[in-house]
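Protein chains: 6
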Amino acid sequence: MSLTVYRKSHFNAAHRLYRSDWDDEKNNAVFGKCNNPNFHGHNYELEVGVTGTINQETGFLIDIVELKNIIKEEVEDYLDHKNLNLDVPEFKNLNPTMENIAVLIWDKLNAKLLGRFKLSVTLYETPRNFVVYTGN
Amino acid sequence: MSLTVYRKSHFNAAHRLYRSDWDDEKNNAVFGKCNNPNFHGHNYELEVGVTGTINQETGFLIDIVELKNIIKEEVEDYLDHKNLNLDVPEFKNLNPTMENIAVLIWDKLNAKLLGRFKLSVTLYETPRNFVVYTGN
Amino acid sequence: MSLTVYRKSHFNAAHRLYRSDWDDEKNNAVFGKCNNPNFHGHNYELEVGVTGTINQETGFLIDIVELKNIIKEEVEDYLDHKNLNLDVPEFKNLNPTMENIAVLIWDKLNAKLLGRFKLSVTLYETPRNFVVYTGN
Amino acid sequence: MSLTVYRKSHFNAAHRLYRSDWDDEKNNAVFGKCNNPNFHGHNYELEVGVTGTINQETGFLIDIVELKNIIKEEVEDYLDHKNLNLDVPEFKNLNPTMENIAVLIWDKLNAKLLGRFKLSVTLYETPRNFVVYTGN
Amino acid sequence: MSLTVYRKSHFNAAHRLYRSDWDDEKNNAVFGKCNNPNFHGHNYELEVGVTGTINQETGFLIDIVELKNIIKEEVEDYLDHKNLNLDVPEFKNLNPTMENIAVLIWDKLNAKLLGRFKLSVTLYETPRNFVVYTGN
Amino acid sequence: MSLTVYRKSHFNAAHRLYRSDWDDEKNNAVFGKCNNPNFHGHNYELEVGVTGTINQETGFLIDIVELKNIIKEEVEDYLDHKNLNLDVPEFKNLNPTMENIAVLIWDKLNAKLLGRFKLSVTLYETPRNFVVYTGN
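Residue numbers (my numbering), protein chains in the order written: chain S, 1 to 136; chain V, 137 to 272; chain C, 273 to 408; chain D, 409 to 544; chain G, 545 to 680; chain R, 681 to 816.
Do not rely on the hints blindly, as some may be mistaken.
Between beta-carbon pairs, the in silico distance windows are [to be verified]: (1) 201/V - 1/S: 26 to 34 Å; (2) 597/G - 428/D: 49 to 57 Å; (3) 600/G - 544/D: 49 to 57 Å; (4) 53/S - 168/V: 19 to 27 Å; (5) 409/D - 713/R: 39 to 47 Å.
Derived by calculation from the structure, the hints in this document are not laboratory data.
Even for Gly, the Cβ is constructed at its ideal location relative to N, Cα and C.
Sequences and hints are given; from them, build the entire structure.
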C-alpha cells in the first residue's frame, strides 16, 4: 500500500540568468529581462513529495516533522535570502533556472533521505510558472 | 481517450494521535503535540479524482453532480464535525493520521463506485501537509 | 533527466450543455441548470505541462515566454470572451463540457508543439471542478 | 464591541456589456471584447460582511448558517447559471458590470437583513478584478 | 504617514459550541453539528494588522520578526493543537466561537503591544467563514 | 454611491535592507538575513484600489483596462525584474522595505490618476507579510 506525503515550504532568493561565455546581445536575446546584471528575485514555493508505505505501528509514512526539518536544513538554510549566482557554489557555472534549482533540491534531499522514499520536487518560481522533477 | 475529473470537498474534524498500548512518554516522543489527550482538529480539504473515458453521448466522464453527492454521502456525512477517534468506528484501534484517513476515504469511495473508474484521493490536513493515495 | 514545466493561464467564456437531438425534458434531466438556453459562464483556469529534458546550454526545458505565447495564440485568443457553443466551430455539434474543452486545448497545443514535448492539460471550470488530460 | 463576520459564496453567470442605444462602433470602443453579442461568462466569488455586536448568549454575531441561507436564497438562486442580461430583470436596461452586480446584491441582502447589520459586499469577477460596496 | 503591516499565522484546535446551562435540545437547535459532545476542529488562519507610522531610520513600521514572535508567543503557543473548551481558561465558561476567539486574540496581542499600534485581527475558521475585530 | 474597484498585479525584484551609514554589526542586528550584501528577492503581489462613484453611462467606476495599463506603466515597467537598490533612483538612499515600496507605488499612481479617485495600495512581499497604504 503505497502513498505519497507532501510538505510545502518557502524561500526567497535573488538570481540572474546569463552565460558568461556569451556576449550581452546573445544573453539578452535568450534570457530577456531575466538577464538584468543587477539581479532580480523571487518567492520560491516548494512542494516535496515522498512516496512509500505506511508504517503500521505509527500510521505515518514519514514523520512530517522529520521531513520539515530535512527541508529546512537542506533547502531553506541553503537557499533562503541568498543570491543564487553568488552565494550558492553549484550555480557558479550553472544557470539558476527553475529547472536547475529543482534538480539541485532533489539531489540534496535524495542524498539525505538515503533512498528510503521515492522523491518528487515541485518548485514554483512565480504563481504562474512551476516545474516538477522526480529524479528520472 | 482517458481523462481524470476532480472534485474538491471539505470537512472539519477533531483527532488525537496516540497508541493506547504505549505509555505517555513514548506517545509524546513519537506524536508530540498531536498527542494532546483533549484532542485538536483540522479543516480537511479533499480532492477526489476519477479516471476513465468520456461518454460520447453526454461529453461527461462522470456527472459531477453524481460525484459530488457520492462524496457528500460517503465522506462528508461520515466525517464532518466528528471526533475521528471517538465517532468513527474504523479509528477505534487505528491512528487517524492523514495517511490512514486517505486510505479510509479511498476504500469507501471505491466500494461505492464499483470499479467504474480508477480513483485517487488527495487529502490536505493543513495548507502545508497533504497526502495522495491511488489504491496501489 | 526528464522534467515537466507548467504555465498557468486564464480565459472567460459562456457555454450551455445540451444536445439538439434531445427534447427539453431529457436535456434538463441530464444537464440540469447547465442547460439554461440563455447560457451561463465560467472563469476557466488552465495549467499546461510540457515534459522533456533540460537544454544544457540554457538551463531551460522550454523558454517559458515561448510557451506563454503559444498558449495565448492557441487558447486565449481562440476561447477568451467567447460563447463556446456559438463562436467556436469545434463545439457546433459537440457539448462544451470541461472534458471536451480540455481535449480541444490539448489537440491545438500538441499540433503547435510538433511532438517536441509530452503534453498535459489541467482545466479548472470552477474552483472545485477540474479535469486533467494527457493525450492517452 | 463591534465585529464583522464574513461568508464566502460562489455563482457562475454569462453576461455582455453594451448599451442598446449605442452603435457597434461605440460599444466596441468602450466595452471591447466584453461586448461579444453572443455573451461570455465568469465564476463570480462573493464575500458578504455583516457588522454588529456579539450576542452574549450564543457568542455569535449572526448564525453563519442563517447568513449562508440568506445568501443562497437572495443571490445564488437568483444569479447562478443565469444569463445576467436576459434572465435578470434588473439588468434588462442596466449594464451588468461588476459594479452594478455588487450594488444589486447589496440591495437584495440589505432588504432581507432589515437593517439588523451594517453590510459590505465584495465581488470578484475574475481572480484579478474585484469590487467592494458598503452601501454608502 | 500611516500604514498597516499584516502578518499571517496559523494554528489548529478542537472545540465544541454549547452552553452547559441549556439542555441538549436547545444546544442542538442553536449550535447544530457544532455541538458534537466529542468535539470537532479547525485549521484557523490568522491575519494580524498593526497600524502606525514608518520609523524613518529603518523604513519599518514594525520589525516583522518581532511581530511574528509576539504572535507565536501570545497566540500559537497558547492555542495551537489545543482543545479550546478544555485547555484554554478563557473558554471554560465562554463559547469558543470564532467571534470570541478573535476578541481573545486581540486582547492578548493588544496587551503585549502596549498601545504602540492600532490593532486588527482577522480570523478564518474555515476557508468560507471569517471574522474581523478591531477593538472598537 | 461610492464603490472601490481593485486590480491585482505582480512584479519580481531583488533588494537588500541596510543603511550605508551603519556598520555591519548594526545592519545585521536590525535587518538580519535581509542584509545579505549580494541581495535576495521576492515575487511582489500588488492590489490597487480606486474609490469613486459609478459612471451611470457605462456602469464602470473606472475602465479596468485603463487601470491595468496605468499599473503596467507606472509600477510593472518601473520595478519588474529590477534590483530595487541599484536600478530604482528613489531607493538610492532609502531602504526598499515593503512599507517604502508601497508608498512609492501610491505616489506614482496617485500622480497619474490626478486625484480622480481615492487610492489604496496593498503590497504582499511574501504570502505571509503585507502592507496597506491609503495616502493618509
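Results for each hint:
At roughly 31 Å, the beta carbons of residue 201/V and residue 1/S sit within the given window of 26 to 34 Å. For the hinted restraint 49 to 57 Å between residue 597/G and residue 428/D, the CB-CB distance of approximately 52 Å keeps it satisfied. Checked against the hint of 49 to 57 Å, the C-beta distance between residue 600/G and residue 544/D comes to roughly 35 Å, which is inconsistent with it. A hinted range of 19 to 27 Å holds for the C-beta pair residue 53/S and residue 168/V, which are about 22 Å apart.
For residue 409/D paired with residue 713/R, a C-beta distance near 40 Å keeps the hint of 39 to 47 Å intact.
When the structure is compared with the earlier hints, a violation turns up for hint 3 alone.
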